[in-house]
Amino acid sequence: MNRKDMRSPLARAIGLGSAKSGVEHWWAERLSAIALIPLTLWFIASIIAHTGSDYAAFTEWVRRPYVPILMIALLITLFYHAALGLQVIIEDYQHSWAKLAMIIAAQFGCFILAIAGTVATLMVALGSDKALQ
Amino acid sequence: MARGTERPLASPSSQNRERVLPVSPNIQIYSPQLTSVLSFTHRVTGVLLSLAAVGLVAWLIAGAVGPDAYAAVQGAISTWIGQIVLFVFTFAFFMHLCGGVRHLVWDTVHAFELRQVYLGGWLAVAASIVLTIITWVVAYS
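For the protein sequence lines, the chains are A and B, in the order given.
According to my numbering, numbering within the first sequence proceeds without interruption in unit steps and concludes at 239.
According to my numbering, numbering within the second sequence proceeds without interruption in unit steps and concludes at 168.
No lab work stands behind these hints: they were computed from the structure.
A couple of the hints might just be wrong.
What the hints assert, rightly or not - Per label pair, the in silico range of CB-to-CB distance:
id: 1; chain 1: A; residue 1: 118; chain 2: B; residue 2: 145; range: 38 to 44 Å
id: 2; chain 1: A; residue 1: 130; chain 2: B; residue 2: 106; range: 25 to 31 Å
id: 3; chain 1: A; residue 1: 148; chain 2: B; residue 2: 71; range: 44 to 50 Å
id: 4; chain 1: A; residue 1: 153; chain 2: B; residue 2: 150; range: 21 to 27 Å
id: 5; chain 1: B; residue 1: 133; chain 2: A; residue 2: 160; range: 26 to 32 Å
id: 6; chain 1: A; residue 1: 211; chain 2: B; residue 2: 145; range: 22 to 28 Å
The beta carbon of each residue, even a glycine, is placed where N, CA and C say it ideally should be.
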């Protein structure tokens with residue numbers, strides 16, 4: 107608070123604070139959380155079913171039509187949810203430029219990892235790996 | 028205006044009144060309770076699962092690169108360190124899942140009574156332990 111500031115306390119407060127855009131973040135976090143319940147449980151069940159299986163079994167599994175669909179859905183939802191959650195944690199413990207830098211890093215990181223996972227899944231699913239040529 | 032000078036809160040000197048505003052007690056003051064510990068656990072497991080997601084992408088990329096890279100990642104996972112990390116990730120997943128379900132229940136404005144909050148908390152801990160053990164027993168059988 108600057109003593110030279112002639113504005114009233116109300117004028118300083120208006121336009122600041124919550125109830126502006128928090129609802130979308132909160133709702134997106136919930137939606138992605140709900141979507142992740144079946145997706146992650148499917149993934150865990152699939153991993154259990156494939157414990158100790160070799161590369162041929164892995165590619166056979168990824169090439170089933172529903173697997174890349176669910177895997178890419180999982181990747182997008184997972185990294186979207188991670189970006190939203192990490193943002194909340196960073197906002198609570200970091201301030202000023204560090205907060206901004208870490209949020210940008212987390213969001214860029216989640217974005218590129220979602221793309222990388224999606225491309226890798228498609229490469230296996232569409233059979234462009236060197237093993238089976 | 029002097030910066031960071033310590034003044035007793037009782038004497039509101041107009042010079043640096045705003046510098047020494049009292050801060051509300053936080054985790055360094057409160058003794059741990061199930062509610063606060065699980066709240067913090069939800070955040071820690073969330074960060075851990077973000078790291079697990081990086082591992083998932085590494086596993087998929089290895090699968091796309093070829094059988095040698097895939098075998099290398101599978102080999103790293105099957106070492107005892109890899110198995111411990113995977114076990115921690117499994118438990119973190121079920122803790123975060125159960126904690127998330129608790130949050131979704133609260134979002135519908137249910138189970139806010141103190142008894143229900145504690146019951147839900149212990150249920151989440153018990154369910155996470157049981158589900159982690161079931162997962163590993165089924166995976167190894």
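Each hint tested on the structure:
Range check, residue 118 of chain A to residue 145 of chain B: Cβ separation about 42 Å, and the 38 to 44 Å hint holds. At roughly 43 Å, the beta-carbon separation of residue 130 of chain A and residue 106 of chain B lies outside the given 25 to 31 Å, and the hint is violated. About 25 Å separates the C-beta atoms of residue 148 of chain A and residue 71 of chain B, a value inconsistent with the hinted range of 44 to 50 Å. The given range of 21 to 27 Å is respected by residue 153 of chain A and residue 150 of chain B, whose C-beta atoms sit roughly 25 Å from each other.
At roughly 45 Å, the beta carbons of residue 133 of chain B and residue 160 of chain A sit outside the given window of 26 to 32 Å. A C-beta distance of roughly 37 Å is found between residue 211 of chain A and residue 145 of chain B, which places it outside the suggested range of 22 to 28 Å.
In this structure, the hints that do not hold are numbers 2, 3, 5 and 6, in rising order.
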